[in-house]
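Hey, can you work out the whole structure from these sequences and the hints?
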Amino acid sequence: MAGKVKWVTDIEKSVLINNFEKRGWIQVTDSEDWNFYWMSIQTIRTVFSVDTGYRLTDDQMVNHFPNHYELTRKDLMIKNIKRYRRELEKENSALAEKDDSGKYIYLDFVPVTFMLPADYNLFVEEFRKSPSSTWIMKPCGKAQGKGIFLINKLSQIKKWSRDSRTSTFVAANSGKEAYVISLYIDNPLLIGGKKFDLRLYVLVTTYRPLKCYMYKLGFCRFCTVKYTPSTSELDNMFVHLTNVAIQKHGDDYNHVHGGKWTVSNLRLYLESTRGPDVTNHLFDQIHWIIVQSLKAVAPVMNNDKHCFECYGYDIIIDDRLKPWLIEVNASPSLTSSTANDRILKYNLINDTLNIVTPNAEIPDCRWNRSLPKEALGHYQVLYDEEQALSESTERDLRSRSGHSLGSKSTRQSGVRPFPATWK
Amino acid sequence: MMDESTELSVSITQIVQRLKGTHLHSQLEKQAKECLHKPEIKLETLKDDVRRVLKASGWERKLQNAVYRELHVLPPPGHPRAPPEHTKEPLAYMLKAQASWEKRILKSLNSMCTELGIPLARKRPVMEQKELTNKWNEMGTDEPDLSNFRPVYAPKDFLEVLIGLRNPNTERSDDLTVKSHWGLIQVSLNVHDIPQMRETYAELGLSYGQLGIDDHTHVPPDLFESEHIHIGKKVVSEQDSAAAQQYSRQGCPTGLRAQLWSLILNTTNDPEDITHYEQLKARVIHHNLLVDNLIYKDVKLTASNDDYYFVFEDYLYQVLLCFSRDTAVLEHFNYNSASPPKSSIQSKSGSEQCAVVYPPNGVIPFHGFSMYVAPLCFLYNEPSKLYSVFREMYIRYFFRLHSISSHPSGIVSLCLQFERLLQAHLPQLFYHLREIGAQPLRIAFKWIVRAFSGYLSTDQLLLLWDRILGYNSLEIVAVLATAVFAFRAENLMEVTSLASAEAVLADLSTLKVMPLLQIFLFATSI
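Those protein sequence lines, which keep their order, are chains A and B. Numbering of the first sequence is given in full-length UniProt numbering, commencing with residue 1 and proceeding in unit increments. Numbering of the second sequence is given in full-length UniProt numbering, commencing with residue 1 and proceeding in unit increments.
There may be inaccurate statements among the hints.
To be verified - Derived CB-CB ranges, DEER-like:
(1) A:E89 - B:T141: 44 to 50 Å
(2) A:N187 - B:N472: 47 to 53 Å
(3) B:H230 - A:I41: 48 to 54 Å
(4) A:A360 - B:A202: 48 to 54 Å
(5) A:A360 - B:S525: 40 to 46 Å
(6) A:R342 - B:V356: 49 to 55 Å
(7) B:A202 - A:A375: 51 to 57 Å
(8) A:R342 - B:E435: 32 to 38 Å
(9) B:A523 - A:N187: 35 to 41 Å
(10) A:A360 - B:T200: 51 to 57 Å
(11) A:D33 - B:A503: 43 to 49 Å
(12) A:I41 - B:E435: 43 to 49 Å
Unchecked claim - 30 Å max Cα-Cα, derived DSS-like pairs, lysine-lysine:
(13) A:K4 - A:K79
(14) A:K322 - B:K385
(15) A:K373 - B:K512
(16) A:K216 - B:K512
(17) A:K153 - B:K135
The hints are simulated quantities; they were obtained by calculation from the structure and are not laboratory data. Source: prediction; values computed, not measured. For glycine and all other residues, C-beta sits at the position ideal for the given N, C-alpha and C.
Printed below as a string of structure tokens:
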């Protein structure tokens with residue numbers, strides 16, 4: 001046995017520290033030798049920046065991929081997904097099939113989105129096609145609902161671009177910041193009359209080949225303010241704004257139960273009211289879009305072997321039980337608002353560490369991380385490309401970057417489009 | 001005593017009487033008349049032909065289900081010369097105890113009314129009516145100041161009343177059963193022992209497949225489950241209440257439960273049910289009642305803070321406010337030991353006082369009342385449907401959990417059942433807990449009063465309520481309470497105070513109901 005793991009963190013959260021201490025690991029500072037660094041996304045930038053020239057050794061591990069923002073920045077995620085679709089289309093993949101109205105049948109899982117100001121003209125064109133729709137503006141680099149607002153008139157966006165220069169509408173913004181504008185899901189599934197989004201945790205240990213795990217204990221976050229679909233007046237718009245802001249729950253937002261409902265509650269409710277078939281289909285769809293989003297960024301991701309990442313996926317389900325990927329967070333909140341929340345997050349970190357540092361031993365990035373099912377805790381394998389490849393007898397596999405695996409055509413037979421590994 | 005055939009004919013007369021003039025009755029008539037135009041109806045065989053048509057079109061089944069429903073709520077016919085209150089409760093001391101308990105509650109309600117200077121009922125001004133109509137679906141966003149309101153009573157208060165119950169006909173010192181009883185309930189009622197229960201709950205036996213148990217020793221789980229679901233679908237398509245009830249004993253599959261329960265309860269959600277609900281809603285909008293505040297307060301104190309049920313806060317108001325206005329609920333007082341409370345109000349002229357039932361449904365909510373509705377929100381997302389299922393559950397089962405009676409599903413019997421089972425099968429544990437001042441019933445009472453709602457995880461609770469419906473009895477609730485003690489017996493033997501015993505039993509959300517029941521009923525040595 002080599003010695004004990006030396007750990008550093010710049011996120012002072014008890015769910016992390018308790019987990020490190022439980023393993024008998026030793027805390028050091030970032031100027032000393034360390035093996036395991038749980039860092040913020042600000043720090044990861046310096047660790048891998050060209051200037052600092054940090055070189056990680058085989059026994060070091062960090063909790064982010066260097067360019068995770070390819071997935072976790074709203075604009076880049078959209079860009080990558082769009083590119084992924086185009087490539088599949090070029091390959092004539094069955095996955096890129098479109099319906100009569102020109103929509104992707106299998107890859108239409110993010111709301112229509114444009115970058116602003118770059119795609120302004122494209123946006124206007126789309127807006128005019130359905131002028132009664134509502135759109136949501138989000139700053140690309142911000143999380144937790146900051147700077148988000150809704151529009152339903154072109155004049156509002158013009159006003160915004162004027163105002164943002166003088167910073168009256170979103171005071172904190174510089175005005176130069178890039179925004180994405182997405183079609184607002186205005187027919188969300190309501191439970192008890194309330195709107196919610198899903199927060200699911202997904203662990204990626206390697207992008208090439210892709211290996212990811214799904215955490216079983218996700219939850220629904222409910223708005224405390226009632227959902228009202230009317231956006232005809234500006235006043236109403238602010239109700240929406242509050243909605244979203246609350247739903248995106250700033251770290252300090254707190255209620256008695258945190259407005260959180262477990263995924264198992266959701267499943268029980270949906271199975272009871274809509275039946276097991278549509279419910280299973282919905283969850284399969286959710287798994288599907290998560291895997292597709294990861295495949296979309298896999299080719300551009302710097303697949304540094306010292307890295308793993310635990311993402312927070314935000315998904316909204318509409319009233320036809322179609323899930324939509326809203327965004328992916330690189331550093332899901334580790335603050336606990338309730339006792340249950342603390343247990344959940346403690347377990348999340350615990351199970352994550354058990355996968356990335358098996359037996360709590362000093363990391364060795366040459367490990368082949370194939371663990372028995374019992375070692376996964378509440379995780380289950382969502383997709384294992386290596387295994388899928390070896391299982392696959394497809395002719396047209398290209399070794400380039402692995403993402404062409406998507407051209408399997410099992411989708412048409414109505415079964416899961418990729419070798420299911422989580423069941 | 002009456003012989004069986006007279007009893008039967010009395011029941012038949014009663015049921016015919018009750019179904020006369022119902023919507024079903026007129027529908028049946030209409031169907032029968034309409035089918036007369038059909039060519040297959042012959043004058044010579046008129047009666048049989050009409051019957052055949054009604055059978056083929058499913059109307060006979062509807063009638064069967066309606067009769068079956070009446071059989072559930074109909075009290076067994078008593079002796080012809082017995083006074084009518086015997087159908088409410090045959091034991092005089094129970095009736096008396098219930099009456100004085102009611103007096104206390106009513107007094108407490110009235111004094112709250114006087115103290116706060118709030119009228120029992122008040123017509124809402126037009127503006128307020130409009131406002132309420134607009135926010136009917138989001139009443140939870142209202143934050144009225146309820147600090148002055150307190151629940152009229154909590155289960156704890158009710159338990160004290162039950163502990164004080166005495167049978168005046170038995171001198172305590174002579175009554176051996178009472179003397180040797182270690183528990184808090186001091187009256188004797190006919191409760192069951194395990195051998196009797198093994199007969200009653202035969203379908204929960206080890207050789208039967210059960211939903212809610214993962215490891216089957218005799219039947220492979222997947223095989224049982226898919227077969228059971230298959231049968232469940234058939235039961236639903238046959239629309240047979242009795243079959244659904246029998247089926248429910250082995251558990252309802254999640255996807256079929258909503259349909260099966262409403263089939264068992266014969267809540268059809270016909271257009272007139274929806275109209276009825278809309279009428280109740282209109283009554284809520286027109287008038288404000290003092291009990292509304294109690295309902296608000298209760299939901300805020302219980303369901304709104306519950307990890308499983310907070311989502312449904314608004315549905316709970318929509319159901320409970322309507323429930324308080326529903327005078328159809330009054331009918332259940334025919335067989336409930338309780339009587340609807342009456343308050344005097346000033347008549348319109350202002351001169352005379354007259355007594356009216358208050359609240360209109362005759363049910364004063366207490367702390368935790370909303371938890372009877374909460375689990376049903378997982379099954380029904382349509383308020384009118386949710387409403388009719390809840391109302392039927394209430395008038396069949398839940399009222400028994402807060403009325404003093406000798407009924408086998410009544411709260412007194414359940415408490416006694418729990419204590420007797422515990423004493424018979426876990427005497428050491430009972431003795432230990434009693435010695436340290438932790439009477440088991442003091443811990444279990446809150447579970448029993450709510451039929452475990454809010455204590456178990458929802459999936460487990462629904463499996464439990466499947467059996468309540470399946471066996472048409474709340475007895476299983478007392479059995480589960482005992483089984484929980486048995487399950488935690490080892491830890492409980494180590495505690496030295498009521499507080500630490502309560503701590504051991506504080507979180508039941510990880511328990512699996514069916515294995516606990518099965519082990520307790522069928523694997524306990526007797």
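Evaluated hints:
The hinted window of 44 to 50 Å between E89 of chain A and T141 of chain B holds, with their beta carbons roughly 46 Å apart. Checked against the hint of 47 to 53 Å, the C-beta distance between N187 of chain A and N472 of chain B comes to roughly 42 Å, which is inconsistent with it. Remark: the range hint 48 to 54 Å for H230 of chain B to I41 of chain A is upheld by a beta-carbon distance near 52 Å. With their beta carbons about 51 Å apart, A360 of chain A and A202 of chain B fall inside the hinted range of 48 to 54 Å.
A beta carbon spacing of about 45 Å between A360 of chain A and S525 of chain B agrees with the range 40 to 46 Å that was offered as a hint. At about 51 Å, the CB distance of R342 of chain A to V356 of chain B agrees with the hint of 49 to 55 Å. Judged by the Cβ atoms, the range 51 to 57 Å given for A202 of chain B and A375 of chain A is violated: they are separated by roughly 43 Å. At about 37 Å, the CB distance of R342 of chain A to E435 of chain B agrees with the hint of 32 to 38 Å.
In this structure the hint that A523 of chain B and N187 of chain A lie 35 to 41 Å apart at CB is violated, the actual value being about 51 Å. In this structure the hint that A360 of chain A and T200 of chain B lie 51 to 57 Å apart at CB holds, the actual value being about 53 Å. Checked against the given bound of 43 to 49 Å, the beta carbons of D33 of chain A and A503 of chain B, roughly 45 Å apart, stay inside it. Checked against the hint of 43 to 49 Å, the C-beta distance between I41 of chain A and E435 of chain B comes to roughly 59 Å, which is inconsistent with it.
Proximity of K4 of chain A to K79 of chain A is assessed by CA-CA distance (about 42 Å); at most 30 Å being required, the pair is judged violated. Proposed proximity of K322 of chain A and K385 of chain B is supported: the alpha carbons are some 26 Å apart, at most 30 Å. With a C-alpha separation of about 23 Å, the suggested pairing of K373 of chain A with K512 of chain B holds against the 30 Å cut-off. Of the pairs offered as hints, the one joining K216 of chain A and K512 of chain B holds, with about 19 Å between alpha carbons and a cut-off of 30 Å not exceeded.
Of the pairs offered as hints, the one joining K153 of chain A and K135 of chain B holds, with about 27 Å between alpha carbons and a cut-off of 30 Å not exceeded.
Taken one by one, the earlier hints fail for this structure at numbers 2, 7, 9, 12, 13, listed in ascending order.
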